Amino acid sequence: MEALDTLMLSRIQFAANISFHILFPTITIALGWVLFFFRVRFAQTSDEKWMNAYRFWVKIFALSFAMGVVSGITMSFQFGTNWPGFMETVGNIAGPLLAYEVMTAFFLEAVFIGIMLFGFSRVPGWLHMLATFLVAFGTTMSAFWIIVLNSWMHTPQGFEMVDGVAFATNWWEIIFNPSMPYRFAHMMIASFLTVAFLIAGVSALRRLMGDGSREVKTMLKTGLVLGAMLIPAQIYVGDLHGLNTKVYQPAKVAAMEGNWETGTNVPLILFALPNEETRSNDYEIGIPGLASLILTHSWDGEVVGLNEFVEEDGTVMHPPVAPVFWSFRTMVGTGMAMLAMSWLGVFLMWKRRRMHDASTTKHWLAVEGLPKVMLYALVPMAFSGWVATLAGWYTTEIGRQPWLVNGVVTTAEAVAQVPAGMVAGTLVGYLVAYAALLFAYISVIVYLARKAARGDDGRAIDMEHSGKAQVAALQPAE
Amino acid sequence: MFPDFANPAEWLPWAFASLMGFSILVYVVLDGFDLGVGILFPLADDVEKDKMIGSIGPFWDANETWLVLAVGLLLVAFPTAHGMILTALYLPVFIMLIGLILRGVAFEFRAKAHAKHKRLWNNLFFAGSTLTALSQGFMLGLYIMGLEQTLATYAFGALTAVALAVGYSFIGATWLIHKAEGGLQLKAVQWAKESLWGIIIGIGAVSLATPLVSTRIFDRWLDFPNAFYLAPIPIISLVLVVVLWRMIRQMPFENDARSWLPFAVSTAIFALAYIGLAYSFYPYVVPEQLTIYEAAAAPESLMIILVGACFVVPTIAGYSLLAYYIFRGKATALRYD
Numbered sequence: 001m002e003a004l005d006t007l008m009l010s011r012i013q014f015a016a017n018i019s020f021h022i023l024f025p026t027i028t029i030a031l032g033w034v035l036f037f038f039r040v041r042f043a044q045t046s047d048e049k050w051m052n053a054y055r056f057w058v059k060i061f062a063l064s065f066a067m068g069v070v071s072g073i074t075m076s077f078q079f080g081t082n083w084p085g086f087m088e089t090v091g092n093i094a095g096p097l098l099a100y101e102v103m104t105a106f107f108l109e110a111v112f113i114g115i116m117l118f119g120f121s122r123v124p125g126w127l128h129m130l131a132t133f134l135v136a137f138g139t140t141m142s143a144f145w146i147i148v149l150n151s152w153m154h155t156p157q158g159f160e161m162v163d164g165v166a167f168a169t170n171w172w173e174i175i176f177n178p179s180m181p182y183r184f185a186h187m188m189i190a191s192f193l194t195v196a197f198l199i200a201g202v203s204a205l206r207r208l209m210g211d212g213s214r215e216v217k218t219m220l221k222t223g224l225v226l227g228a229m230l231i232p233a234q235i236y237v238g239d240l241h242g243l244n245t246k247v248y249q250p251a252k253v254a255a256m257e258g259n260w261e262t263g264t265n266v267p268l269i270l271f272a273l274p275n276e277e278t279r280s281n282d283y284e285i286g287i288p289g290l291a292s293l294i295l296t297h298s299w300d301g302e303v304v305g306l307n308e309f310v311e312e313d314g315t316v317m318h319p320p321v322a323p324v325f326w327s328f329r330t331m332v333g334t335g336m337a338m339l340a341m342s343w344l345g346v347f348l349m350w351k352r353r354r355m356h357d358a359s360t361t362k363h364w365l366a367v368e369g370l371p372k373v374m375l376y377a378l379v380p381m382a383f384s385g386w387v388a389t390l391a392g393w394y395t396t397e398i399g400r401q402p403w404l405v406n407g408v409v410t411t412a413e414a415v416a417q418v419p420a421g422m423v424a425g426t427l428v429g430y431l432v433a434y435a436a437l438l439f440a441y442i443s444v445i446v447y448l449a450r451k452a453a454r455g456d457d458g459r460a461i462d463m464e465h466s467g468k469a470q471v472a473a474l475q476p477a478e
Numbered sequence: 001m002f003p004d005f006a007n008p009a010e011w012l013p014w015a016f017a018s019l020m021g022f023s024i025l026v027y028v029v030l031d032g033f034d035l036g037v038g039i040l041f042p043l044a045d046d047v048e049k050d051k052m053i054g055s056i057g058p059f060w061d062a063n064e065t066w067l068v069l070a071v072g073l074l075l076v077a078f079p080t081a082h083g084m085i086l087t088a089l090y091l092p093v094f095i096m097l098i099g100l101i102l103r104g105v106a107f108e109f110r111a112k113a114h115a116k117h118k119r120l121w122n123n124l125f126f127a128g129s130t131l132t133a134l135s136q137g138f139m140l141g142l143y144i145m146g147l148e149q150t151l152a153t154y155a156f157g158a159l160t161a162v163a164l165a166v167g168y169s170f171i172g173a174t175w176l177i178h179k180a181e182g183g184l185q186l187k188a189v190q191w192a193k194e195s196l197w198g199i200i201i202g203i204g205a206v207s208l209a210t211p212l213v214s215t216r217i218f219d220r221w222l223d224f225p226n227a228f229y230l231a232p233i234p235i236i237s238l239v240l241v242v243v244l245w246r247m248i249r250q251m252p253f254e255n256d257a258r259s260w261l262p263f264a265v266s267t268a269i270f271a272l273a274y275i276g277l278a279y280s281f282y283p284y285v286v287p288e289q290l291t292i293y294e295a296a297a298a299p300e301s302l303m304i305i306l307v308g309a310c311f312v313v314p315t316i317a318g319y320s321l322l323a324y325y326i327f328r329g330k331a332t333a334l335r336y337d
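Heads up: the protein sequence lines correspond to chains A and B, in order. My numbering puts the first residue of the first sequence at 1, with every later residue one more than the last. My numbering puts the first residue of the second sequence at 1, with every later residue one more than the last.
Pulled out of the complex, with its shape left as it was, chain A reads as follows:
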């Protein structure tokens, strides 16, 4: 167990901030595009249900966007307050990438979100649609630049070190570094999956509250179909990403697999308690040879173990094993639950497609086919994307330790020398604020869903009868 010194506290503080932050971009990146889709469908069909869906989700988008912006500002300051050594060493590379994120993405989204949110009746339809597009585009650009920088920290190239400072030699190589395409694709799909299950979960909740509106059915369908389509793609991209990591960061993969000794015919460990003291696993349950098969596509392929990353003087140069091992399993497990839920949901809707209300026209899917138990199961899945995304980021970021930039600078070298007490005090402050805001955020989403389910979705707020209305709204759907 590491002592809670300035380094450990700074890491926890930065992890807390960045974990809180990533929750909201994960939603806004994809939700921006989903809103654009709703907006375009409304323009095409003039069907009010698309606009109702847009109006409902644009509120959650605005809320998430604000949460993302303010928690993101914290990040830009904490590079300096917590990790001055980061910019001093690799500032020549990180700098331009961050600058391009601010210049090409932040301003674009920040300006056009005003028009997107409040401009519907002030600007022509095409400009409102364009604003929605530009906000979605801006969030994606932002994700691109930050993933470029993050990937470069994992797989740095295109630079040279002079007197301990990195200088760029080839920007093309820096931007298109080996892990960038996989990480970007993995994160984009993660964002879309998060939003797919958020939409499905919140729509299921609204249906359970007795909301029989057409937009809820459409949204439920949109969420489940999007999830069912993307989850196989995510598993495929995740596998490619893992193979890429095996080449560039073998210590991370060894920690993910809980594999201490280099060897062939390595088992895939389903359960274990990795023990750093004895440098082995307690209570290991594994399938022989499967890790070799997955990682090398051959039963007797050689897989590098953690013990290769201990230097002769005993310095451990691999990440802490247990957090990486368990984060990875949490991510995969959540992904499997997503796969099961979305495919089952789509299958049930397809099987009962004739139950569709408008039975005169041909429909492939009927939301009416989803039994109530399925709706109840979808509600807790609303934030499954958050769990999987955070677990994935913990796997890759804790898996990068002890390096800050792989092979270039360690986290310990970059930390700010401020008193541990100050870091601990501010950490508590951030945690209290984040816990309260997270609670408020989820409460407001539930509240907006309840309000919409009551058909009270306008801006007028009438709360006098909320007690009664809640009871009435929780009656069964049919």
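Keep in mind that the hints were calculated from the coordinates and are not lab data. All figures in this text were calculated on a predicted structure; none of them were measured in a lab. C-beta: ideal position from N, C-alpha, C; glycine also. Hints may be right or wrong, so weigh each one.
Taking beta-carbon pairs under 10 Å as the criterion, some of the chain A residues facing chain B (in silico) [as the list claims (entries may be wrong)]:
#, residue
1, S76
2, G85
3, F86
4, Q417
For this one, chain A is given, so just place chain B on it according to the hints.
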């Protein structure tokens, strides 16, 4: 004052210092009025509160982004200075960030949460705006005192903290004079009258303190012939303050004429004070410790950013103006449809 434009290692840091300085100024004026409106929030009734929010709603996000750009430029162009300044200001930065977080989210929550919680979010909106303004003022004071941490510098920081918060309320009030009508506008005129002293004390204190802290700054302002060339800065500021005072006493004018003028004049005062400050500290980015030339990142990296900035910053200015144009005129309560 000006670098050798033939040598990239000299003019690039200078260009980035100018760009960063410009971003900070734009931030102070634009988010200054947002924060000022937040500080004035408890003084308004519920209907007026919605209109006050409406007057900044479409803009605050983009306004805050200028802070990100400014800190970003400090980070990318002067990485060593970024570390030195922000570790020295660790606690006030933390308080500012908490303030910015509260302000930003309260903005959204107050409109979306259950009505019985609206008051809580209103209070948090005020608290967030005030904390942000106070901590920024405190950081300004400490920066002027060369980032030294003693009781005396803290006292000066406390003075600039209050002055900046009142200064922000002043510019917020002038913004409301332009964006509001009826009773709220009359209130805004009153607020502007009552908070003008913040600007006078703030600029006065900073102008007196800076030359006293450093003999270098003292000489720079008071040596002949510099003093002669620089004299217009304090003189014009003084004239503008007097003009502002006389104008606000008579506002609002008939047919709401020139309602934008107080905001424009206060912007000019902020800009003049800021130019004076920049002149005092140049070429230092960490006062008396580190110059922009010593702290600058590699010229190649700066060049890459500058090329992009030449295209992107005018575009940002363009679409920002578009947003202000779309949401021109008197503010109403915000609607999504």
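Closer than 10 Å between Cβ atoms is the bar; does G85 of chain A clear it against chain B? Give me holds or violated. holds, 8 Å
May I ask you to test the interface hint for S76 of chain A with respect to chain B, counting a Cβ-Cβ separation under 10 Å as satisfied? It holds, given that the least Cβ distance between S76 of chain A and chain B is near 5 Å, below 10 Å.
Chain B contact restraint on F86 of chain A - CB to CB distance below 10 Å: holds, 9 Å
Status of the hint placing Q417 of chain A at chain B (closest C-beta pair under 10 Å): Check passed: Cβ of Q417 of chain A comes within 8 Å of chain B, closer than 10 Å.
Of the numbered hints given earlier, the model fails none.
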